[in-house]
Structures are given as structure tokens and as C-alpha cells.
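A.B. asks: Protein chains in written order, with the numbering used here: chain R, 1 to 143; chain B, 1 to 143; chain L, 1 to 143; chain A, 1 to 143.
Any given hint could turn out to be false.
[Said to hold, decoys possible] Okay, the calculated beta carbon distance ranges per label pair: (1) A:G85 x R:E39: 39 to 45 Å; (2) A:I132 x R:P123: 43 to 49 Å; (3) R:D48 x L:R7: 22 to 28 Å; (4) L:E113 x A:P125: 31 to 37 Å; (5) L:M122 x A:A129: 40 to 46 Å; (6) A:P123 x L:G85: 46 to 52 Å; (7) A:E50 x L:D48: 27 to 33 Å; (8) B:P125 x R:T115: 44 to 50 Å; (9) L:R8 x R:G85: 52 to 58 Å.
[What the hints assert, rightly or not] Computed far set for chain A versus chain R, every beta-carbon distance over 10 Å: (10) V61; (11) F71; (12) P136.
[Unchecked claim] DSSO-like cross-link-like pairs, simulated, lysine-lysine; straight-line CA separation at most 27 Å: (13) R:K83 x A:K83; (14) A:K9 x R:K66; (15) R:K106 x L:K9; (16) B:K66 x L:K117; (17) R:K83 x R:K66; (18) B:K66 x B:K117; (19) L:K9 x B:K66; (20) B:K117 x L:K84; (21) L:K106 x R:K9.
Because the hints were derived from the structure by calculation, they are not lab data.
Glycine residues also receive a C-beta, built at the ideal position from the N, C-alpha and C atoms.
There are 4 protein chains.
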Amino acid sequence: MHELTVRRKVEFSDTDMAGIVHFSRLIIFMENAEHAFLEALGASVSMDYEGVHIGWPRVAVEAQFKAPARFNEHVDIHVEVLKKGTRSMTYGFEMHASGRLVGTGKMTSVCCEMTDKGPRSMPIPAFLADRIEEAPGSDTEAS
Amino acid sequence: MHELTVRRKVEFSDTDMAGIVHFSRLIIFMENAEHAFLEALGASVSMDYEGVHIGWPRVAVEAQFKAPARFNEHVDIHVEVLKKGTRSMTYGFEMHASGRLVGTGKMTSVCCEMTDKGPRSMPIPAFLADRIEEAPGSDTEAS
Amino acid sequence: MHELTVRRKVEFSDTDMAGIVHFSRLIIFMENAEHAFLEALGASVSMDYEGVHIGWPRVAVEAQFKAPARFNEHVDIHVEVLKKGTRSMTYGFEMHASGRLVGTGKMTSVCCEMTDKGPRSMPIPAFLADRIEEAPGSDTEAS
Amino acid sequence: MHELTVRRKVEFSDTDMAGIVHFSRLIIFMENAEHAFLEALGASVSMDYEGVHIGWPRVAVEAQFKAPARFNEHVDIHVEVLKKGTRSMTYGFEMHASGRLVGTGKMTSVCCEMTDKGPRSMPIPAFLADRIEEAPGSDTEAS
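Go ahead and model the full structure; you've got the sequences and the hints to work with.
C.D. replies: Here you go:
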């Protein structure tokens, strides 16, 4: 599996005084699409696995905002795998609202054992890595 | 000690498309005033004490909104102790922005041992309870 | 129509360091159920109607938290009409997650013309008021 | 003027179930440092000027997260001007908590007339542009 699209509706509390969705909420929309992708693979952004609590702190995020999204619009968030590393994942995102391109983005999350002393990186468990493919042509995009 | 006032400035991300502070942010302003009150007493809403991790989940919140607060205004949040129980605290709040009464509120938080299985109520530690007084005349208000 | 239930899934960003949903997010869940109720009636919390821009600022909110809600749980938010006033609505809420009662609440929102100078209360438009009924037995609850 | 540092304290509601500040809040911390920079220059991210309402929607955001920030820590957010364009500004950010580098970032915001039909880019007003300098050596960084 290398991609997924989730849809959500803009809520009133997602907006700001400019009358549009606050950009931080669009970034959270992307985060949630990543989480949905992991769940579609039988995993989770917060899961216990073989005695270890695994989390996926992000180390890099970027977003480009192309057009405003507004209250009550449906936003389709497309997530795809740009790069599957041994210990990290880089995802690419595209968000459309009512057919308009609202924004694009990229996130890199690291597979971590979540310990009392903080996150410690670890290899992505095989059961999960086996189910993840990079999106066609993504090598160049992610470089 | 029975009261405290904290001041904060309304941030852009506190607002919504109605051009004013979203009410959920005003409730968070109240929560933070409660936290500041605990800190002024040498405690914290999240603290380790005698081998126990203590938290203060709230069981009841209410707020009345009297006037809008706007971007960049300073909001003064006054918190006072309405009731000091054995295992819980009830706080009263008043918020002013630029001299206008923006809102009032009340919160009840329970002193809890935070365990892996969830919060479990416990008596407020004596060192802290000893430092807390009810605000004058608050008996009637809190009933 | 006098009630509605909406379902949503708890997102990672809804949680706090206590490992559970932050109470302010549960209050936003209630707000969104109110908005869904208005939409089910062909209205909206932010709508243009006969040359007027109508909004529904809330003047009072309360919530009681009964049990924690956790990441990835589905929360069912039931909203019902406790009181239909001439210019305001009072809603009652019940939230369940995985069968547990997570919280209850109440909100009063005022029908307002949203002007440049701020909100001004106005009678609920007839087309909408006609479609709203109070929940059976709600007179006593709302008093 | 080409830089500014603002300090804020991590609030409970800034955290998530991983026990650390949610990354979206760090991005909002950067946004607020940008707003503080504009204010220090006698402007605002939302201001009326010569009959026009000016806003600064962002078109690009990026952040790299280096270490977790925790509840109650003070975070120092340093903002500097990487590029002063005719109609846009690119800012660079560095965030430290208790001496640790927590994150870095970059934002590009466009000076816009905020109209009923949405934002429309415009030249940065001279009074403001005159007060802004690029940080020394920033040409290379921003490219």
C-alpha cells in the first residue's frame, strides 16, 4: 500500500479571524491522514508491539498553502509514501477542497520506542514495513 | 492564598471566523490560571510527590460569556478558590479584556494519582492544602 | 426535530500529556454536534439569510466529565433541544465512548445578526424555529 | 530591525499523549513570534492602513524538530528576517527550551489586502518595509 485519501469537513473551530481555516489545522489534517494510513495497515501511531510502546514523532514538516479552505467545506487529504526508510517514513500530501488545490506538504516521522526518558529510534517492525510501498516515481520527489 | 490574576494577550490562533476569540480558548485561559495558582503555591497540575504522580483532572466546567474578546487584547484572568474540599478544588473565574467583563466561570478539579489504569482520586497533600484558603464569602457561591 | 447523534474518532492532537482527550476538545465536540443539528435542519451556525449574516455566539457552556476518552476511540455525541427560546437555544449533550458515559453538557447559543460592530441578538428565523422541537420532558431539565 | 526573541511557557493544553508539546503548537509559537516582530515595528498581522485591511496569510511553512519540549518549560523563539521581498517576507526561526535546541523553521507570509473575496497580494507598505532589514548573511540561507 502506498497511498490513501481521507475526507473531513472543516469545523468552526478550525477557522480564524481571517475567515478561513487556520494553517495549523491543515497541518493537523495532514498528520491525521498519516495516522489513517498506519491504521489501514493494521498499525497505529501509538501502539504496543512485542512489549514495546511505539510512537512516530515527526522530525520535519513542511506545507505550501495554495488557496484558502473555508468553514463546512469537505477537504480531501491525499497521503502517499515518498520514502520508506529503515527507521523513518516520509509522506507527501495534497489537500483539495471543493476541487481546488488547498495545499501540499511533506512530513518525516521516525519510528521510536517511547520510553520514560523520551523517544528512541528503532527499525520499523517488519510486519509493517512489509506492507508499505513507496509511491511510483517518489524517489525523485523525496530527494 | 485564595486568588491570583494572570494576564495574557489574545493570539491570532485564538480567534475564529466570527472575528473574536473562540470560546474554547477562553476556557483554556481559565484552566491556565488554575495551573498558575497551583504553581504560585509551589505545586503543579502535573507533579511527582512522595513517589506518586499527581494530576488534577477536571470533573466540571462552566462558563458564561458576556462580551467578545478580540485579537491582541490583553485578558486578565482572575481565579479564586470557591471551595477547598478534601480531594477536590472548585475555582471561580472572571475575565476582563480592556476593562470589559468578557466572561465568568467555574471549574472543579479532583486531586488524583495518575496511574497506568487512569486517574484515582486522593486527598490533597497537606503541604498544599495548608497553603490554600477559600476566598472570603465563597461558601455561598460554591454551594 | 429535537435530537441528533454525531460520531467522531478521537485524534492524536485531541489528547494531552495525561494520555486522554483534553476537556476543551470534548467541549468542541459538543459545539460541533450543535452545528450538525442546525445543518440537519437546512440552516448553519454561519449563514446568510434575507440579507443578514446570522451567527450563534454561545453565552453559556457547561460540562461534566465522567470518564476519560482515549485516542482512536469513537465518541458518540448526542445533542437534544432543552429549550427553544425566541432568540436563543439551549442544548443538552451526552457523550459516550465505547459504551462508557464520557461526559454531559449544556450550551446556550443566541441567534445574532453578525455586524461590523459585533453580534446583535435577533429572533430565530421562522423557517428554522418551525423545524425545531424541544425534546420530550426537557422543560424541567432546562430550568 | 531584523530579529526578535519572544519567550513563552508551555501550557498543559500544548501537550499531547506522548507527554511532549504537540508539533502543531510549536508551529503556532513560530507564528506568534512573527506577529510580535510586526508589532515591534508598529504594525500588526491584522491592521487597517490607508483604508485597506491588511493581513499576512502564509504560503509556506517548514519546521524541523530536534528535541521534545515539555510542560512548563520556557521556550525562547527567535525570529529573524531571511528575505524581505516586495510583497512577501520570509522568516527563520530557532526555538530553545531550557537551553536545548527544540526546533528550527521557516515561514513565508504574503502582504495581502483582505477583501470579501479573499486575500489579494499587495506591496508591503513603505512605512513598514523601511523598518525591516534582512538578517546579516541571510541571503544564502533563504535561497
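A.B. asks: Does each hint hold? Answer for all of them.
C.D. replies: Hints and how they fare:
no.: 1; hint: A:G85 x R:E39: 39 to 45 Å; in the structure: holds (41 Å)
no.: 2; hint: A:I132 x R:P123: 43 to 49 Å; in the structure: holds (47 Å)
no.: 3; hint: R:D48 x L:R7: 22 to 28 Å; in the structure: holds (25 Å)
no.: 4; hint: L:E113 x A:P125: 31 to 37 Å; in the structure: holds (33 Å)
no.: 5; hint: L:M122 x A:A129: 40 to 46 Å; in the structure: holds (44 Å)
no.: 6; hint: A:P123 x L:G85: 46 to 52 Å; in the structure: holds (50 Å)
no.: 7; hint: A:E50 x L:D48: 27 to 33 Å; in the structure: holds (29 Å)
no.: 8; hint: B:P125 x R:T115: 44 to 50 Å; in the structure: violated (28 Å)
no.: 9; hint: L:R8 x R:G85: 52 to 58 Å; in the structure: violated (32 Å)
no.: 10; hint: V61; in the structure: violated (5 Å)
no.: 11; hint: F71; in the structure: holds (14 Å)
no.: 12; hint: P136; in the structure: holds (25 Å)
no.: 13; hint: R:K83 x A:K83; in the structure: violated (31 Å)
no.: 14; hint: A:K9 x R:K66; in the structure: violated (32 Å)
no.: 15; hint: R:K106 x L:K9; in the structure: holds (24 Å)
no.: 16; hint: B:K66 x L:K117; in the structure: holds (15 Å)
no.: 17; hint: R:K83 x R:K66; in the structure: holds (24 Å)
no.: 18; hint: B:K66 x B:K117; in the structure: violated (40 Å)
no.: 19; hint: L:K9 x B:K66; in the structure: violated (32 Å)
no.: 20; hint: B:K117 x L:K84; in the structure: violated (41 Å)
no.: 21; hint: L:K106 x R:K9; in the structure: holds (24 Å)
The structure fails hints 8, 9, 10, 13, 14, 18, 19 and 20 (numbered hints given earlier, in ascending order).
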